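Construct the complete structure from the given sequences, taking the supplied hints into account.
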Amino acid sequence: MNNPWLHLPHAAPFILPEDTDSVAKFNERCHPDKKIHTELPPEPYAGRRDAPIVLLMRRPGYHPDDETYMLKDAAFAASMERTRAFEKQEYPFYHLNGKYPENPGFHYWNKRLKEPIQEVGLHACAQNFLLLQLYPYKTNAYIKEVLPSFSFTKEILYEAMQRKAIIIHMVGASEWNQHVPELKDYKCFTCKSKINPTISPENIEPKEEYEQILDAIKKNIPA
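Sequential numbering from 1031 applies to the sequence shown in this note's numbering.
To be clear, the hints were calculated from the coordinates, so they are not data collected in a lab. If you're wondering where the values come from, they're calculated on a predicted model, not measured in any experiment. We put the CB at the ideal spot given by N, CA and C, even for glycine. A few of these clues could be false.
Label-pair distances were calculated between CB atoms; the ranges are [to be verified]: (1) Ile1251 x Glu1058: 20 to 28 Å; (2) Glu1232 x Leu1101: 35 to 43 Å; (3) Ala1108 x Glu1238: 37 to 45 Å; (4) Ala1104 x His1037: 35 to 43 Å.
Calculated cross-link-like contacts (lysine to any residue; reagent style SDA-like; alpha-carbon spacing at most 25 Å) [as the list claims (entries may be wrong)]: (5) Lys1144 x His1199; (6) Lys1222 x Asn1170; (7) Lys1224 x Glu1235; (8) Lys1224 x Pro1236; (9) Lys1194 x Ser1230; (10) Lys1064 x Tyr1092; (11) Lys1065 x Lys1194; (12) Lys1144 x Lys1248; (13) Lys1144 x Lys1224; (14) Lys1064 x Glu1235; (15) Lys1174 x Pro1252; (16) Lys1129 x Arg1112; (17) Lys1064 x Ile1186.
What follows is the structure, encoded as structure tokens:
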């Protein structure tokens, strides 16, 4: 299918037409602190479409400083847009770009990927991890539903399964299996801790699976 995120509005509210009704209904009934932040661009995925390692998460969380980078920093916003289009760039997983060390996303993912980053560096990790979200819009609410736009995310995941990518359940494994039943028959890796889902020898068992993750990165380190 065609990439629907190419048609995301360039100004708020940042919502795809096919998702508008569902998002509006959610915001009408939820507590203000848990609303979907349509003033910020959604993050359905981050990274190269053909990356060898795929991370599965529930939704991108909201931080008050997100606006500083996602709206006010033209270069960062452009990187997000290029990633949504899967255009080639140095840091397709834009939260791993060391030019933005105060970005809340950098703090979050630098902790989650600390061990691989120490081993191979930010650039290699930004090129070799693909993050997929069940729910693309930024919120701190616990959301299980998927939206019409999730059909494209499923297509990306099916491609990863076909090329035998390493797929890692960070959080939300049961929800991912519910919405993508084919995952149940796929050899997925799993983070032991759902509270602190890190890619590390202590959190990926057996340890051999962590070594497979590192090997996959090292085989694809960019020049």
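How the hints compare with the structure:
1. Ile1251 x Glu1058: 20 to 28 Å: violated (48 Å)
2. Glu1232 x Leu1101: 35 to 43 Å: This hint holds: roughly 37 Å between Cβ atoms.
3. Ala1108 x Glu1238: 37 to 45 Å: holds (40 Å)
4. Ala1104 x His1037: 35 to 43 Å: violated (21 Å)
5. Lys1144 x His1199: Satisfied, since the Cα-Cα distance of roughly 17 Å is no more than 25 Å.
6. Lys1222 x Asn1170: Holds, because 22 Å separates the two Cα atoms, which is no more than 25 Å.
7. Lys1224 x Glu1235: holds (14 Å)
8. Lys1224 x Pro1236: holds (16 Å)
9. Lys1194 x Ser1230: Distance ~21 Å between lysine 1194 and serine 1230 Cα, so the pair holds.
10. Lys1064 x Tyr1092: holds (9 Å)
11. Lys1065 x Lys1194: violated (37 Å)
12. Lys1144 x Lys1248: holds (16 Å)
13. Lys1144 x Lys1224: Holds, at roughly 16 Å.
14. Lys1064 x Glu1235: violated (34 Å)
15. Lys1174 x Pro1252: violated (36 Å)
16. Lys1129 x Arg1112: holds (17 Å)
17. Lys1064 x Ile1186: violated (28 Å)
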